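J.: Single-letter residue listing:
6 protein chains.
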Amino acid sequence: MMDGQIIQVINPNTSLAMTQTIAQAARAVAAPGTEILAVCPTDGVPSIEGHFDEAIAAIGVLEQVKAGREQGVSGHVIACFGDPGLLAARELARGPVVGIAEAAMHMATMVATRFSVVTTLPRTVIVARHLLRQYGFEHHCAALHAIDLPVLALEDSSGLAQQKVREYCIQAKRQDGSGAIVLGCGGMAMLARELTKELAMPVIDGVGAAVKMVESLVTLGLSTSKHGDLDYPVQKILSGQFARLN
Amino acid sequence: MMDGQIIQVINPNTSLAMTQTIAQAARAVAAPGTEILAVCPTDGVPSIEGHFDEAIAAIGVLEQVKAGREQGVSGHVIACFGDPGLLAARELARGPVVGIAEAAMHMATMVATRFSVVTTLPRTVIVARHLLRQYGFEHHCAALHAIDLPVLALEDSSGLAQQKVREYCIQAKRQDGSGAIVLGCGGMAMLARELTKELAMPVIDGVGAAVKMVESLVTLGLSTSKHGDLDYPVQKILSGQFARLN
Amino acid sequence: MMDGQIIQVINPNTSLAMTQTIAQAARAVAAPGTEILAVCPTDGVPSIEGHFDEAIAAIGVLEQVKAGREQGVSGHVIACFGDPGLLAARELARGPVVGIAEAAMHMATMVATRFSVVTTLPRTVIVARHLLRQYGFEHHCAALHAIDLPVLALEDSSGLAQQKVREYCIQAKRQDGSGAIVLGCGGMAMLARELTKELAMPVIDGVGAAVKMVESLVTLGLSTSKHGDLDYPVQKILSGQFARLN
Amino acid sequence: MMDGQIIQVINPNTSLAMTQTIAQAARAVAAPGTEILAVCPTDGVPSIEGHFDEAIAAIGVLEQVKAGREQGVSGHVIACFGDPGLLAARELARGPVVGIAEAAMHMATMVATRFSVVTTLPRTVIVARHLLRQYGFEHHCAALHAIDLPVLALEDSSGLAQQKVREYCIQAKRQDGSGAIVLGCGGMAMLARELTKELAMPVIDGVGAAVKMVESLVTLGLSTSKHGDLDYPVQKILSGQFARLN
Amino acid sequence: MMDGQIIQVINPNTSLAMTQTIAQAARAVAAPGTEILAVCPTDGVPSIEGHFDEAIAAIGVLEQVKAGREQGVSGHVIACFGDPGLLAARELARGPVVGIAEAAMHMATMVATRFSVVTTLPRTVIVARHLLRQYGFEHHCAALHAIDLPVLALEDSSGLAQQKVREYCIQAKRQDGSGAIVLGCGGMAMLARELTKELAMPVIDGVGAAVKMVESLVTLGLSTSKHGDLDYPVQKILSGQFARLN
Amino acid sequence: MMDGQIIQVINPNTSLAMTQTIAQAARAVAAPGTEILAVCPTDGVPSIEGHFDEAIAAIGVLEQVKAGREQGVSGHVIACFGDPGLLAARELARGPVVGIAEAAMHMATMVATRFSVVTTLPRTVIVARHLLRQYGFEHHCAALHAIDLPVLALEDSSGLAQQKVREYCIQAKRQDGSGAIVLGCGGMAMLARELTKELAMPVIDGVGAAVKMVESLVTLGLSTSKHGDLDYPVQKILSGQFARLN
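Residue numbers (the UniProt record's numbering), protein chains in the order written: chain P, 1 to 246; chain C, 1 to 246; chain S, 1 to 246; chain X, 1 to 246; chain L, 1 to 246; chain W, 1 to 246.
These are computed hints drawn from the structure, not numbers from a lab.
If you're wondering where the values come from, they're calculated on a predicted model, not measured in any experiment.
Treat the hints loosely; a few may be bogus.
Same chains, same label: a pair holds when it works inside one copy or across any pair of copies.
[What the hints assert, rightly or not] Here are the simulated lysine to aspartate or glutamate pairs, EDC-like style, with alpha carbons at most 20 Å apart: (1) Lys236 / Asp43; (2) Lys226 / Asp148; (3) Lys226 / Glu70; (4) Lys164 / Asp176; (5) Lys66 / Asp43; (6) Lys197 / Glu167; (7) Lys236 / Glu167; (8) Lys164 / Asp148; (9) Lys226 / Glu194; (10) Lys164 / Asp231; (11) Lys236 / Asp156; (12) Lys66 / Glu35.
Whenever a hint applies, use it, and build me the whole structure from the sequences.
T.: What follows is the structure, encoded as structure tokens:
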């Protein structure tokens with residue numbers, strides 16, 4: 001039934017290394033018939049750590065969604081934990097679009113009554129907090145933790161960031177009274193399965209979660225609603241640097 | 001990756017006809033490698049239309065979950081829109097457990113900013129309302145409608161109930177300002193795909209949605225958390241009619 | 001005016017000792033004209049410490065409510081802090097039905113701006129949390145504490161559980177910034193009056209609270225509404241072990 | 001157990017006729033051993049229909065609470081639907097203090113999943129709305145209706161106001177999807193029992209509800225918490241017209 | 001455009017010293033064309049530290065608003081952090097009325113995603129908490145702190161209270177994860193500017209904030225709505241001590 | 001005190017005509033000493049009617065904020081009702097940044113207990129709804145109305161859009177039970193004062209409101225907090241079309 005699904009996984013930052021990590025996490029869970037098309041914008045920010053970075057990244061996401069739609073992909077994943085540009089992308093897309101924070105949080109509520117989030121810099125906590133309210137999960141989140149290292153520390157070879165993620169997860173298990181942990185960055189994707197085993201509780205990576213969610217929506221014949229709010233953008237001429245989005 | 005998944009789809013009422021409908025809807029979307037095990041309790045209520053019916057049905061759900069776990073199924077679907085016994089089933093289960101109201105509502109929020117619900121008897125509306133609050137979606141639901149026919153009307157051959165579902169969906173599209181419709185009864189499962197086409201907007205059946213959600217969780221290696229609230233029930237001797245749950 | 005009131009106090013677990021404790025607490029506050037009929041199910045769980053236990057206990061509650069209704073009792077108390085089967089029991093009952101968590105929480109909001117809860121096992125905290133949301137008191141609860149002993153520890157002769165309850169209440173008074181404490185288990189009923197004196201702040205037992213609430217509703221001529229959601233269950237044949245609920 | 005209870009029922013406006021109505025409603029439900037002391041301020045407003053009126057009335061309430069405390073009453077009822085001065089009165093009182101809106105709303109949630117409110121002037125709706133949020137019942141209220149007649153119309157002999165209350169209750173039953181109706185004015189107290197019968201659903205008068213609630217709290221040994229927020233006012237010299245509150 | 005604005009700044013307590021502090025803070029930020037008319041009631045409470053004090057103070061506020069309206073002032077500030085009598089004053093006033101808690105909280109949300117509050121006695125925390133809910137900012141407030149000194153300690157010459165405010169602000173900056181601090185007492189008004197510099201983050205005084213808010217509303221031609229809830233009080237004869245409010 | 005204030009008013013769309021309208025509305029209320037610097041992006045969308053348009057417009061807003069900051073402006077107004085790029089702009093800015101939806105909604109809550117919103121296309125309603133939740137005003141908004149004409153209809157010479165705005169405002173006054181109306185588009189700015197007079201209730205334009213709010217914040221010495229979430233963006237090299245934001 002899923003034959004021919006092509007899922008575009010968009011890393012909204014410009015880091016090729018992180019795009020690789022994300023692609024790997026996506027492919028690890030995709031159904032046999034599903035092709036993963038991992039992309040990132042050419043212009044943008046090397047990592048996303050706040051609202052300003054997200055605003056920039058949203059344009060790259062939209063450019064990729066447009067390209068993906070023209071290529072006929074089945075659906076799109078926005079692989080940055082803030083889900084930058086999500087509603088705008090849904091307007092532009094024909095297929096479903098799912099963010100990795102969204103997918104991870106939704107799945108967390110199905111395996112635990114409350115969950116914790118472990119993210120990177122403290123300033124990204126407010127982004128997660130806003131998403132919790134937007135998605136309806138403020139009562140399902142027990143605590144948010146920041147390892148206080150930048151996103152790209154997850155791509156260096158020291159393993160320091162990975163070690164800190166692990167430590168914060170262990171601490172969250174001990175203290176938060178929650179039953180699952182959501183990893184708050186696409187760059188942490190490869191840690192989830194291992195930590196799930198070590199901690200003996202669900203540790204959730206949004207990349208895999210979002211890939212399965214898009215696959216599911218496509219199989220179910222469900223696509224972004226074009227009735228109402230998420231209809232295609234009202235046709236108008238974009239000028240200058242945005243002309244390529246026309 | 002999904003080879004060998006066995007998903008137990010539990011119809012919490014005792015209607016064999018409805019169990020068949022549900023099995024059909026489940027199989028229509030299951031991945032090639034997934035086996036659907038459709039079951040219903042021997043003892044219980046012929047249809048579920050209120051809190052009393054749900055309390056009875058919950059016992060049947062638990063008996064089936066226990067049987068399923070002993071058979072080694074990968075996960076469980078509770079195929080009644082009130083998700084009766086959901087948290088109790090999660091305590092009992094080793095794998096993931098997903099309710100069809102839960103799955104449909106979650107998916108609705110990913111394809112539309114707001115959704116409507118079309119259910120059976122008016123008295124089931126309060127059940128849906130409570131679930132919306134519990135799952136976090138009270139702000140995502142634009143309106144709830146009841147066709148004012150009992151659940152089993154969906155199983156008679158007149159087609160009247162189906163016609164009323166269709167009419168209420170059309171009316172919801174026109175009036176509610178929502179972008180998707182959630183069908184509020186497992187017995188409506190086979191209507192979703194057709195109505196999605198006719199209305200040109202997502203009309204969501206929870207049975208299919210829940211099957212894909214369980215499949216996804218299993219593939220992701222995510223199971224009901226046994227750390228904390230959803231841990232296996234504290235061991236104690238159940239007496240009398242409940243002895244078979246020991 | 002209250003002459004002839006018979007209040008059925010249902011202990012949802014099968015512990016006769018706890019039923020006695022509860023009966024004693026009920027009688028200690030009942031009006032002169034009120035008769036307390038303390039019952040517990042014959043089949044069920046010896047103590048209730050999670051959602052699974054609650055689902056089992058709900059059946060026993062329903063059987064007792066049916067019996068009580070046939071005996072012509074004035075109203076019903078569900079004497080377990082999770083209020084198992086409350087809405088189902090309201091459908092079945094002709095008179096009012098009040099849960100002890102419900103009664104205690106309501107009364108707490110009338111003597112303090114915020115209250116704390118002291119319960120038994122940590123896994124019961126989530127049950128209390130869900131009730132707070134359902135009843136509307138999530139903003140009135142300052143903190144939830146678990147003494148980390150099972151329910152039946154309250155029935156052994158060591159006095160250890162009682163001592164721990166006392167310690168947690170003292171700590172709650174010092175730390176929570178709340179003005180009242182709700183005892184989170186029917187088995188703690190006899191501690192409330194003494195702790196109220198020792199701590200010089202309201203410490204509330206739900207059993208007494210619920211008895212007075214039912215008495216009040218009966219005197220006011222208010223019974224469970226049979227208009228709408230809580231109307232008697234739709235008539236249908238229950239099969240097997242549930243036949244006695246027909 | 002309730003021997004010697006004296007409950008002070010304070011009509012916060014200066015209408016002697018309404019004080020009589022309220023006294024009658026209170027006495028109709030009081031336990032045999034309970035004495036009702038119905039009072040109203042000498043200085044103040046003849047009826048309460050907005051925030052300004054409430055601010056004036058709150059002083060009268062406080063003067064009466066002080067007098068009642070000095071007379072050794074067991075508890076106090078504030079018999080105006082806006083519950084004017086409730087938290088201030090709790091600071092001043094030694095015994096419990098309950099407002100009639102508060103009592104009626106609490107009881108409504110125990111006999112129905114959702115309730116409607118029928119009040120007097122449209123401008124009093126906002127007061128009821130604020131109370132719903134404060135008490136935690138915004139999700140339990142289905143609709144608010146105003147008969148658009150002033151409070152004192154309930155005291156004239158035409159019966160017009162009573163007729164309008166009845167009509168709005170009938171309409172609420174038909175339209176709101178709620179299971180109970182709360183009467184939004186102390187002056188409507190004598191209508192509740194009759195309307196409950198005519199409509200065959202609970203129609204709730206706050207005066208009776210509050211009397212039973214205070215009686216219950218006193219019997220349970222629960223009084224306004226003097227630990228924290230509701231402790232007696234910090235001692236300071238009140239000047240001028242307020243000197244009598246010293 | 002603002003020529004001729006006269007803003008009445010009402011200190012709701014009877015302390016002349018605090019009225020001076022407040023007048024000074026108001027004048028420090030008023031536009032060149034704005035006249036500040038600082039007043040306080042003759043009868044009332046010397047300081048406001050709870051609901052009882054607020055109820056008393058509300059009458060003084062109303063008397064001053066009436067006097068101010070008769071003098072033709074442009075708008076009114078209620079300069080006590082609990083905003084006593086705010087909605088009643090709005091009914092009575094022709095121009096806009098703004099409370100200092102209200103103004104400070106609103107402005108805090110425009111310079112930070114979350115803010116902390118530093119107030120006087122612990123029992124005033126509940127007042128701030130209720131205002132946060134009423135104004136819609138419960139999700140914007142990270143923490144509330146009480147320095148545990150009475151309001152009038154801010155008027156003695158020791159500087160102790162000021163020192164404690166400073167310490168709590170420093171601690172809030174370090175611990176709360178908030179971006180701004182709201183000072184929770186009119187008597188702290190003169191500390192804001194200095195603390196803003198020392199802490200290098202916005203520390204907000206409500207007196208100045210409310211003066212600017214009233215000035216802005218007047219300039220925009222926006223006054224308290226007389227359509228609906230906040231219309232002038234229904235005309236009725238106030239008796240006794242309240243006759244001067246006729 | 002306000003001498004030398006320069007407020008940058010950013011129209012996020014590329015319409016010069018609308019930029020003029022906005023500039024005029026801003027100057028009509030600015031203090032004598034305040035200079036209004038009205039700007040719009042060179043590249044972007046001609047009007048903003050959904051999430052996609054907002055994502056594009058956010059980049060133009062950021063470019064203007066950067067330019068404004070380099071010119072030393074005192075503060076910034078984002079003059080589109082969706083407040084596109086607000087939090088990103090706050091990270092980038094040194095001074096305060098206020099959106100016109102934000103300012104109008106805040107002010108509405110100070111002159112009425114509940115307000116209505118009148119906006120352009122139906123699809124912009126969801127944007128307003130999200131802002132209401134984000135700012136905390138979901139309980140203060142009685143209803144949202146869309147005139148069902150595109151934004152630029154407000155700039156044609158027919159007057160049709162203006163007439164429809166007027167009609168919807170009149171209808172909102174009659175039906176919504178609200179005391180104020182918020183105009184939901186920068187292009188409606190010049191209608192507010194006239195409609196306020198005609199309807200005899202506050203009709204609020206966000207452009208004027210935001211200008212006064214920024215003026216007030218600047219006068220009070222309050223600027224966007226650089227402690228925490230809204231600190232300047234983490235320094236990193238933006239590539240390609242975004243290089244001009246470096």
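J.: All hints are to be evaluated individually against the structure, with a verdict given for each.
T.: Going through the hints against the structure:
1. Lys236 / Asp43: Classified as between: cross-chain Cα gap 13 Å, same-chain 23 Å, threshold 20 Å.
2. Lys226 / Asp148: Classified as between: cross-chain Cα gap 17 Å, same-chain 40 Å, threshold 20 Å.
3. Lys226 / Glu70: within (17 Å within a copy, 42 Å between copies)
4. Lys164 / Asp176: Within. Shortest intra-copy distance 17 Å satisfies the 20 Å Cα cut-off; inter-copy 22 Å does not.
5. Lys66 / Asp43: Answer is both; intra-copy 15 Å and inter-copy 19 Å each pass.
6. Lys197 / Glu167: within (14 Å within a copy, 37 Å between copies)
7. Lys236 / Glu167: neither (50 Å within a copy, 28 Å between copies)
8. Lys164 / Asp148: Within. Shortest intra-copy distance 9 Å satisfies the 20 Å Cα cut-off; inter-copy 30 Å does not.
9. Lys226 / Glu194: between (40 Å within a copy, 17 Å between copies)
10. Lys164 / Asp231: Result: close neither inside a copy nor across copies, 42 Å intra and 24 Å inter.
11. Lys236 / Asp156: Between. Shortest inter-copy distance 17 Å satisfies the 20 Å Cα cut-off; intra-copy 43 Å does not.
12. Lys66 / Glu35: within (18 Å within a copy, 37 Å between copies)
Checked against the numbered hints given earlier, this structure breaks hints 7, 10; the rest are met.
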